[in-house]
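K.L.:
Listed below, chain by chain, are the residues.
There are 2 protein chains.
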Amino acid sequence: MDIKAKWIAADWGTTHMRAWAIGDNDSVLAYRESNEGMKDLQQNEFEPVLLRLIENWLDDNKVTNVMACGMVGAKQGWVETPYLKVPCVPIDNSQLTIASTKNTHIKVYLVPGVMQHQPADIMRGEETQIAGFINENPNFNGVVCLPGTHAKWVSIKDRHITSFKTYMTGELFGVISNHTLIRHSTSIKGWNQASFEIGIHEGFENPGSIGSDLFSLRSESIVNDLDRDEARSRLSGLLLGLELNGAQSYWKNNNVTLIGSELLSNNYHQGLKILGGESQLFSLEAATLSGLSSAYKELNSESE
Amino acid sequence: MDIKAKWIAADWGTTHMRAWAIGDNDSVLAYRESNEGMKDLQQNEFEPVLLRLIENWLDDNKVTNVMACGMVGAKQGWVETPYLKVPCVPIDNSQLTIASTKNTHIKVYLVPGVMQHQPADIMRGEETQIAGFINENPNFNGVVCLPGTHAKWVSIKDRHITSFKTYMTGELFGVISNHTLIRHSTSIKGWNQASFEIGIHEGFENPGSIGSDLFSLRSESIVNDLDRDEARSRLSGLLLGLELNGAQSYWKNNNVTLIGSELLSNNYHQGLKILGGESQLFSLEAATLSGLSSAYKELNSESE
Numbered sequence: 001m002d003i004k005a006k007w008i009a010a011d012w013g014t015t016h017m018r019a020w021a022i023g024d025n026d027s028v029l030a031y032r033e034s035n036e037g038m039k040d041l042q043q044n045e046f047e048p049v050l051l052r053l054i055e056n057w058l059d060d061n062k063v064t065n066v067m068a069c070g071m072v073g074a075k076q077g078w079v080e081t082p083y084l085k086v087p088c089v090p091i092d093n094s095q096l097t098i099a100s101t102k103n104t105h106i107k108v109y110l111v112p113g114v115m116q117h118q119p120a121d122i123m124r125g126e127e128t129q130i131a132g133f134i135n136e137n138p139n140f141n142g143v144v145c146l147p148g149t150h151a152k153w154v155s156i157k158d159r160h161i162t163s164f165k166t167y168m169t170g171e172l173f174g175v176i177s178n179h180t181l182i183r184h185s186t187s188i189k190g191w192n193q194a195s196f197e198i199g200i201h202e203g204f205e206n207p208g209s210i211g212s213d214l215f216s217l218r219s220e221s222i223v224n225d226l227d228r229d230e231a232r233s234r235l236s237g238l239l240l241g242l243e244l245n246g247a248q249s250y251w252k253n254n255n256v257t258l259i260g261s262e263l264l265s266n267n268y269h270q271g272l273k274i275l276g277g278e279s280q281l282f283s284l285e286a287a288t289l290s291g292l293s294s295a296y297k298e299l300n301s302e303s304e
Numbered sequence: 001m002d003i004k005a006k007w008i009a010a011d012w013g014t015t016h017m018r019a020w021a022i023g024d025n026d027s028v029l030a031y032r033e034s035n036e037g038m039k040d041l042q043q044n045e046f047e048p049v050l051l052r053l054i055e056n057w058l059d060d061n062k063v064t065n066v067m068a069c070g071m072v073g074a075k076q077g078w079v080e081t082p083y084l085k086v087p088c089v090p091i092d093n094s095q096l097t098i099a100s101t102k103n104t105h106i107k108v109y110l111v112p113g114v115m116q117h118q119p120a121d122i123m124r125g126e127e128t129q130i131a132g133f134i135n136e137n138p139n140f141n142g143v144v145c146l147p148g149t150h151a152k153w154v155s156i157k158d159r160h161i162t163s164f165k166t167y168m169t170g171e172l173f174g175v176i177s178n179h180t181l182i183r184h185s186t187s188i189k190g191w192n193q194a195s196f197e198i199g200i201h202e203g204f205e206n207p208g209s210i211g212s213d214l215f216s217l218r219s220e221s222i223v224n225d226l227d228r229d230e231a232r233s234r235l236s237g238l239l240l241g242l243e244l245n246g247a248q249s250y251w252k253n254n255n256v257t258l259i260g261s262e263l264l265s266n267n268y269h270q271g272l273k274i275l276g277g278e279s280q281l282f283s284l285e286a287a288t289l290s291g292l293s294s295a296y297k298e299l300n301s302e303s304e
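From first to last, the protein sequence lines stand for chains A and B.
For what it's worth, full-length UniProt numbering labels the leading residue of the first sequence as 1, then goes sequentially.
For what it's worth, full-length UniProt numbering labels the leading residue of the second sequence as 1, then goes sequentially.
Check before you lean on any hint, since a few could be wrong.
Any copy, or any two copies together, can satisfy a pair, since identical chains are not distinguished.
[Said to hold, decoys possible] Okay, derived cross-link-like pairs now, DSSO-like style, lysine-lysine, Cα gap no bigger than 27 Å in a straight line:
| no. | residue 1 | residue 2 |
| --- | --- | --- |
| 1 | K75 | K189 |
| 2 | K4 | K252 |
| 3 | K107 | K297 |
| 4 | K39 | K189 |
| 5 | K6 | K189 |
| 6 | K39 | K62 |
| 7 | K297 | K62 |
| 8 | K102 | K297 |
| 9 | K102 | K75 |
| 10 | K62 | K4 |
| 11 | K6 | K252 |
| 12 | K75 | K4 |
Keep in mind that the hints were calculated from the coordinates and are not lab data.
Being a predicted model, the structure only gives us computed values, none of them experimental.
Based on the provided sequences and hints, a complete structural model is requested.
P.N.:
As structure tokens, then:
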């Protein structure tokens, strides 16, 4: 099938690269993904990796714009894009960085991340999803949470990011279940809802006991034959409950919008519900594409 | 030098093996160590590893007793020793397990670990240090803390362990500083006392924010050029402060005795002091040797 993209959207993170061929009216014509994330690429490898994924979508008679967000714009990425500083709009089109390419049929724009000085914090990629969410909800004032390896809790007011806070809960879950003695007691995939709920309560109510509650997953498996799926679910609940304790000021008295993978967003929704919090999901892909689309359109309106 | 041991003490943990040749009046005649820990050995490799370390200390005209404690008695170790259950004396000499050997000039006794059913918890090795400490302080009633990969807080009454709680703080420090993005921001060895103290306060006062405080070590290094030694020291303080929050019931209103490596025990002593707690150090080696010595002597008195 011969697909020619009007423009191309790319979400290029630490471990994955996702690309969409976009047609008229922001329709998605095609999608491709790769596990060639930023962390595995040298600077000169970004262009060939990108071309391999999108080559078939290019029209040789014109220059196709590629709008990219994520860690591709980090210091270790393709080109470093200087952070915007809060309070700020999530995407400022006058601040896009162009990644120079040998191929003359593409022009690659990178969306900068956002930083906060006090307390110090950073994001790269999430600003685009926030921009997309705001595009779809221009009058929104409140709290957005983006679950992930490094979950972000973000306050939004008048289309601006006013402050945010990152919790490395996802990364902690990864290293604890893969690199500590707890790996002997947890399953890779299984799930037990009741154990997740126990974990949510424990983590939330006794945050200082986390180091002990984690060890008890191992002890429980040795002393009381704790099931591996139960251990994994309780671990997940413990770490999320801990985060929800720390992030209370964001979600108490706020209906939180969750933008993340469906699986993870559902966990956050459940966790909040167990603790009396309210939330709803917003599609991660829709947020990403709407954010990149707004950057593309403004670019286009300027050049016309 | 021709050293012949009266008996041999061995502390055989997950990652290390330590052996002492003991003479009259519990004098240490020689010491050897190896990094052939339990985790790297198959069942049939324990005897050859032990012999290589202690062979020169054996008298061919008699059988030398080897008193060993630690993970060598775990399921994955040489021979599994069934746990004692709290409340219990730390070492019950009627419960030692003999590891059978091909060599007829040694007789190897393993000290069992201690378990707790509710809440589930386990120790292997620390019971011997606790026994040693109690030997030297027979009237002690109170709290002992054994810092380490898996720190133990232990209540002792009338020479018995009444309850205990494990915090996997040391293991968390290891995986966080080696396997998360924080590794890019921390040094391997450096130290900054002021940063350690900041960490102690943060971890203790806002335990639910740990996932965010950890990420901020990375953000601070990117946004505000946080020094690597400062980041490492703050990480150490954060995790210890978190543990000291959880373990408050053990150390508030108690003068805690710390039994661990000098470096780690000093950190715990400092951390407690910063938060208004009192503690003093007791030598780890003295505790281990006194514990194994008491097991040896009782054995000997029975066989006489």
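K.L.:
Now look at each hint and say whether the structure bears it out.
P.N.:
The hints, checked one at a time:
1. K75 <-> K189: between (34 Å within a copy, 25 Å between copies)
2. K4 <-> K252: neither (47 Å within a copy, 70 Å between copies)
3. K107 <-> K297: within (14 Å within a copy, 81 Å between copies)
4. K39 <-> K189: Intra 25 Å, inter 26 Å, cutoff 27 Å: intra and inter.
5. K6 <-> K189: Neither, since 40 Å and 53 Å both go past 27 Å.
6. K39 <-> K62: neither (31 Å within a copy, 61 Å between copies)
7. K297 <-> K62: within (17 Å within a copy, 90 Å between copies)
8. K102 <-> K297: within (24 Å within a copy, 80 Å between copies)
9. K102 <-> K75: within (21 Å within a copy, 60 Å between copies)
10. K62 <-> K4: Within one copy only: 11 Å inside a chain, 88 Å across chains, cut-off 27 Å.
11. K6 <-> K252: neither (43 Å within a copy, 67 Å between copies)
12. K75 <-> K4: Intra 32 Å, inter 62 Å, cutoff 27 Å: neither.
When the structure is compared with the earlier hints, violations turn up for hints 2, 5, 6, 11 and 12 and for no others.
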